[in-house]
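*Asks:* Keeping their order, the protein sequence lines are chains C and F. Position one of the first sequence corresponds to residue 1 (this note's numbering), numbered consecutively onward. Position one of the second sequence corresponds to residue 1 (this note's numbering), numbered consecutively onward.
Think of the hints as simulated: they come from the structure by calculation, not from any bench. Do not rely on the hints blindly, as some may be mistaken.
Stated by the list, open to error - Now the stretches of chain F that chain C is said to cover, found in silico as 3 or more residues with beta-carbon under 8 Å: (1) 77 to 84; (2) 207 to 217.
Stated by the list, open to error - Under the rule of at most 30 Å between Cα atoms (straight-line distance), these lysine-lysine pairs were calculated in the DSBU-like manner: (3) F:K85 / F:K191; (4) F:K134 / C:K119; (5) F:K240 / C:K119; (6) C:K50 / F:K85; (7) C:K119 / F:K239; (8) F:K29 / F:K85; (9) F:K85 / F:K118; (10) C:K119 / F:K133.
We put the beta carbon where it would ideally sit given N, CA and C, even for glycine.
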Amino acid sequence: MDYNWDFSSILLYKQLFWIGLQNTVILGSVCLVLGLFFGLFVGAARFSGKLWLYYPATVFVEVFRNTPVLVQIMWFFFAFPIIAPFRIDAFTAASLGLTLNTIAFSSEIYRAGLQSIAKGQWEAGKALGMSYSEQMRRVILPQSIRRMLPAFMNRAVELFKMTSLASVIAYGELVYQAKVISTIEFNPIETYTTVALVFFAVLFPMTIIVRRFETNNSVGR
Amino acid sequence: MTEVLRIEGLRKSFGDLEVLSGIDLTVKKGQTIVIIGASGSGKSTMLRCVNFMEVPTAGRIYLETQAVGLENNGTVQYPENELAKLRARVGMVFQHFNLFPHMTALQNVMEGPRTVLKCDLEECQRRGKKYLKKVGLDWKADAFPSQLSGGQQQRIAIARALAMEPEIMLFDEATSALDPELVGEVLETMKELADEGMTMIIVTHELGFAYAVADKVLFLSEGRILEQGTPSEVLTYPKKDGTKNFLRGHGTFRLPEPQIE
């Protein structure tokens with residue numbers, strides 16, 4: 001072992017790492033919020049049993065679930081200028097790819113969660129005179145979201161790690177910054193180790209929270 | 001006595017299978033109607049057609065002499081919002097209680113007034129407490145369903161339906177899922193309601209209870225009313241063979257009356 005670890009060069013670039021971390025968090029958060037929001041509608045469409053909603057939603061889910069996110073991101077970035085009369089920037093392309101992917105996966109979590117609620121719960125709401133949306137809002141979602149939370153938390157952790165794929169189209173998140181720093185300083189081992197540590201420091205608390213939810217999930221039923 | 005509910009020529013098919021083949025029934029205010037019959041005779045389906053949990057294939061239903069649905073060139077349309085309004089006026093109690101597990105007992109009972117009737121919070125709480133008290137469970141207001149026995153859960157479910165202050169209550173085998181020792185408290189609650197003049201239709205296998213509370217007993221067989229009348233006419237002196245066979249099956253094993261010495 002004669003490799004000379006030298007983290008001093010890293011400290012010189014802490015500003016760049018900081019910007020990278022901010023960009024990672026921004027990209028991840030935007031995609032998470034949009035993905036979970038639209039995922040509910042896609043999941044509900046798959047759940048509804050109405051064929052004209054089910055088929056388009058299913059095609060969407062399968063396309064984005066079964067192609068690599070890396071390819072989706074590159075595709076949006078490079079193909080958009082060809083098929084549409086405008087370019088999109090790296091952030092938009094990355095968030096499109098990651099959001100659509102998150103919609104596809106989260107819609108499946110919603111669908112499975114909705115299906116896990118017994119038919120009698122819908123009937124009880126209906127018998128009181130609730131409309132479909134009232135049954136959904138007051139009876140079904142409050143119960144099923146509780147069951148979905150651990151899966152969503154896992155999805156969020158995955159998503160934050162996937163933001164690193166945006167580095168291939170030069171979006172300045174953590175891994176891209178690491179790439180820049182390591183080509184200037186020739187210290188890829190130190191920079192990528194630092195990136196790993198930063199990710200770990202952010203995501204490990206999240207997984208702890210996931211575990212909390214999994215154990216506390218039984219409250220109320 | 002004023003008419004609360006009238007069923008005319010009710011038919012219901014699931015695919016090729018006709019479950020109800022023409023049912024007529026008039027229920028007057030304060031009456032308790034008990035429906036008995038073998039499983040598959042259509043009694044639950046009949047009950048579920050009254051509040052349109054199942055939409056009838058043919059026939060009309062009148063609540064307080066108002067026909068449900070819009071007739072248009074011989075076919076009847078049932079707009080979902082009209083059905084929701086109807087269901088708000090008809091209480092239903094299910095075999096498996098179907099309480100909302102994420103709400104306390106009180107919240108369960110308040111839910112209908114709150115979400116459907118849009119009562120203000122104070123009124124909802126007043127009704128919630130009133131009807132919990134009525135079923136004798138005001139002391140369990142803050143308990144979740146999972147912390148209650150089956151009998152208590154079913155009584156909460158009755159309170160939840162009552163809180164809507166319905167014109168009529170439907171009980172779909174309300175005691176069939178209960179352990180034997182818990183059946184009594186639920187039947188007791190139902191009997192109190194009947195005594196207070198609530199209009200009720202009850203589907204049950206508890207023949208002794210039927211005898212005690214019913215103003216009228218219907219015996220359903222193959223989607224038709226085979227026999228109807230007072231409890232004594234139908235349960236003690238049945239005329240039709242179908243009714244006799246059904247009752248004989250129920251009476252095969254009976255405890256002997258205690259001998260008084």
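*Asks:* Of the numbered hints stated previously, which ones are contradicted by the structure, given in increasing order?
*Replies:* 2, 5 and 7
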